[in-house]
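**Student:** Residue numbers (this note's numbering), protein chains in the order written: chain A, 162 to 296; chain B, 162 to 296; chain C, 162 to 296; chain D, 162 to 296; chain E, 162 to 296; chain F, 162 to 296.
Any given hint could turn out to be false.
Identical chains share a label here; the pair holds if one copy fits it or two copies do between them.
To be verified - In silico DSS-like cross-links for lysine-lysine, where the CA-CA straight-line distance does not exceed 30 Å:
no.: 1; residue 1: Lys-217; residue 2: Lys-178
no.: 2; residue 1: Lys-217; residue 2: Lys-258
no.: 3; residue 1: Lys-229; residue 2: Lys-217
no.: 4; residue 1: Lys-180; residue 2: Lys-217
no.: 5; residue 1: Lys-217; residue 2: Lys-256
Just so you know, these hints were derived from the structure itself, not from any lab.
Number of protein chains: 6
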Amino acid sequence: MATTHLYTDAEVEANPKVKAVFDDIRETRGSDFVNNIWRALAADPPGLERTWETVKSLMTVPGELDAKTREMIYIAVSVANGCSYCVHSHTAAAKAKGMSDAEHGELMQIVALAASTNHLVTALQVPVDPEFQVE
Amino acid sequence: MATTHLYTDAEVEANPKVKAVFDDIRETRGSDFVNNIWRALAADPPGLERTWETVKSLMTVPGELDAKTREMIYIAVSVANGCSYCVHSHTAAAKAKGMSDAEHGELMQIVALAASTNHLVTALQVPVDPEFQVE
Amino acid sequence: MATTHLYTDAEVEANPKVKAVFDDIRETRGSDFVNNIWRALAADPPGLERTWETVKSLMTVPGELDAKTREMIYIAVSVANGCSYCVHSHTAAAKAKGMSDAEHGELMQIVALAASTNHLVTALQVPVDPEFQVE
Amino acid sequence: MATTHLYTDAEVEANPKVKAVFDDIRETRGSDFVNNIWRALAADPPGLERTWETVKSLMTVPGELDAKTREMIYIAVSVANGCSYCVHSHTAAAKAKGMSDAEHGELMQIVALAASTNHLVTALQVPVDPEFQVE
Amino acid sequence: MATTHLYTDAEVEANPKVKAVFDDIRETRGSDFVNNIWRALAADPPGLERTWETVKSLMTVPGELDAKTREMIYIAVSVANGCSYCVHSHTAAAKAKGMSDAEHGELMQIVALAASTNHLVTALQVPVDPEFQVE
Amino acid sequence: MATTHLYTDAEVEANPKVKAVFDDIRETRGSDFVNNIWRALAADPPGLERTWETVKSLMTVPGELDAKTREMIYIAVSVANGCSYCVHSHTAAAKAKGMSDAEHGELMQIVALAASTNHLVTALQVPVDPEFQVE
């Protein structure tokens with residue numbers, strides 16, 4: 162199932178703009194495997210390039226947070242947004258970057274707890290304490 | 162605004178079950194300040210107790226993840242679920258547990274990136290790569 | 162705050178199509194009070210009429226479920242969708258139709274539990290048991 | 162997978178109320194193909210009729226917006242609400258009504274951008290500028 | 162598809178903590194069938210135990226609301242959160258607890274109506290009427 | 162309310178990276194008014210720059226869709242994601258780019274209809290028709 166065609170490697174090779182992004186993905190990750198989101202985005206080269214540039218700058222370059230923590234945050238958002246593909250791909254990425262089964266279990270418990278208090282607070286329409294406001 | 166009454170300290174004192182939870186919150190956190198979610202939950206003592214027990218066991222006891230990381234995951238879920246109160250309270254908590262402004266900025270950029278690819282993937286209905294499936 | 166003008170009673174009187182809907186709301190509910198959603202919808206008479214007809218047929222006419230249960234289901238959806246106005250208005254409606262504080266407390270606990278297992282299941286990507294599928 | 166039975170054409174023929182709606186769908190669309198949402202709704206004839214009447218009046222009759230734009234808006238909402246079936250069916254409809262691949266690509270980029278700034282703004286809890294408020 | 166391994170009965174038997182929860186599920190429900198969510202949670206025994214204790218106390222013990230109503234509220238939240246597994250499992254549970262096809266149809270119409278007015282109100286940014294505010 | 166400080170014009174002037182983005186916003190839009198999202202993002206210059214570059218390239222440069230349609234799609238996503246600030250700012254932008262009151266009314270009706278069928282389909286777990294699948 163998909164609403165768009167997934168580019169094969171042969172089709173990627175035939176399109177220089179798409180090929181340049183795929184080459185950079187492969188080089189940055191040090192792996193020949195390119196997963197389906199990039200093959201689905203390939204039909205829109207500017208969108209493909211924009212998405213990859215942002216992913217590359219935020220998820221592959223050293224920054225404030227370590228790579229494992231970033232992937233766990235990505236999982237948390239993807240769960241709350243109900244994105245099955247993203248949960249699968251970023252759970253795999255987090256494991257590849259060192260997330261243990263115990264950390265995975267705790268992550269899921271925190272995500273579930275946050276969801277439950279998010280709903281409780283919305284049901285109760287709790288007003289924000291002045292202590293929490295920056296301005 | 163609220164759909165329920167917020168218990169004052171005097172009302173808390175008058176209800177032994179509620180008082181026991183508030184006492185534990187104050188002792189566990191080492192602070193007299195008890196924020197509004199607990200005051201709103203006080204009208205339902207079993208719900209108050211259940212919620213606090215889960216928060217206490219997952220957010221205040223040493224576990225797999227450090228306290229700051231847990232709060233950042235909590236923020237990520239709360240943003241995706243659109244809970245204004247939770248975003249305020251857990252951003253304050255994360256800062257109290259050491260989140261720097263630079264880490265806060267990176268967290269928000271990752272949350273925003275995850276949201277954008279969550280929506281892209283849902284729009285494209287990208288099929289899950291077999292490589293990402295555990296079983 | 163609003164993205165549209167809220168019709169005053171004088172403006173309602175001046176527009177026969179809007180007035181007809183407001184008259185029916187007042188007669189159906191047996192009350193002169195017309196809340197803000199209808200005043201906001203008044204700028205789009207066909208939308209106002211369509212929305213009221215559906216609300217009237219599903220929420221005010223005897224059906225399969227009793228009036229209180231319907232309002233509690235309405236609250237549950239509104240919480241999950243993060244609609245502050247709807248949570249306020251349907252909590253007031255549920256109380257007017259007999260929801261006790263204890264029932265309100267239990268409703269919120271079930272909503273919070275459902276949210277937590279919704280997120281757990283999405284994080285785990287649990288496959289549907291064949292026993293649950295109708296076809 | 163479904164939580165309800167999908168009506169076959171033979172079952173539709175045997176139920177006059179359901180048949181009347183299916184006949185109108187086929188005539189309005191000028192096609193014999195009736196997709197699964199209507200077959201799933203057929204078990205609840207009043208719900209089937211109410212849903213079709215609204216779809217018919219908003220999506221098939223000339224109005225303020227052209228047919229292609231309406232379908233693109235429908236896709237945008239369906240993506241944000243995570244409805245896989247709806248994304249598939251309305252992407253097909255938008256293409257049938259003239260959406261080009263380039264327009265599809267731009268639509269997805271705008272949806273993704275909106276999602277990212279939605280999350281950024283919620284994370285930052287940005288107060289609404291007075292300039293944006295109607296009243 | 163899953164991001165975690167699903168425990169078989171043999172694996173459950175080999176883990177005393179997991180076995181204790183599974184035994185309690187089977188005894189509480191009076192059935193040998195244990196559905197996949199518990200098999201997916203089994204890798205994290207504290208999470209498994211916490212989740213089951215909450216489900217047991219809120220969904221199987223007599224309380225304020227009857228068992229069928231609780232399941233219908235659970236369905237409503239699960240639909241709004243887009244959890245396919247949960248919609249399937251709680252629709253089956255609601256039917257097992259007496260939900261008729263007509264009640265199921267009405268539930269879905271109310272959920273759909275709530276979703277539509279949730280979105281209308283958010284689009285219009287309707288301010289909360291003072292009459293609806295508790296404090 | 163906010164979880165971050167909103168930069169004043171004086172603070173913007175004092176930070177060359179932030180000033181460069183604000184200057185470009187003012188020049189691109191032909192207006193001195195810079196709304197709060199940019200003032201909130203200013204504390205994270207790389208995030209500010211990345212967000213503005215994407216907004217600029219997708220929302221201000223001629224593309225496949227006209228400016229008004231883009232803003233209406235932005236509103237639709239923002240409503241479904243429950244972002245109050247975004248609904249306010251993009252409704253103002255859509256009106257500035259020519260959206261009439263009648264178009265606004267129709268947009269809201271389509272958003273509400275999409276939300277209702279999104280929820281119906283999720284409740285029914287309707288399987289995707291093979292006719293809608295690209296591959």
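**Student:** Each of the hints needs a verdict: does it hold here or not?
**Tutor:** Each hint tested on the structure:
Both within a single protomer and between protomers do Lys-217 and Lys-178 lie at most 30 Å apart by alpha-carbon distance, with minima of 17 Å and 22 Å respectively. In this homomeric assembly, Lys-217 and Lys-258 come within 30 Å of each other (Cα to Cα) both inside a single copy, at 15 Å, and across copies, at 29 Å. With identical chains, the CA atoms of Lys-229 and Lys-217 are at most 30 Å apart both within one copy (15 Å) and between copies (25 Å). Within a single copy, Lys-180 and Lys-217 get their C-alpha atoms as close as 16 Å, and across copies as close as 26 Å, so both meet the 30 Å cut-off.
For a Cα distance limit of 30 Å, the shortest separation of Lys-217 from Lys-256 qualifies both inside one copy, at 19 Å, and across copies, at 27 Å.
In summary, this structure violates none of the numbered hints.
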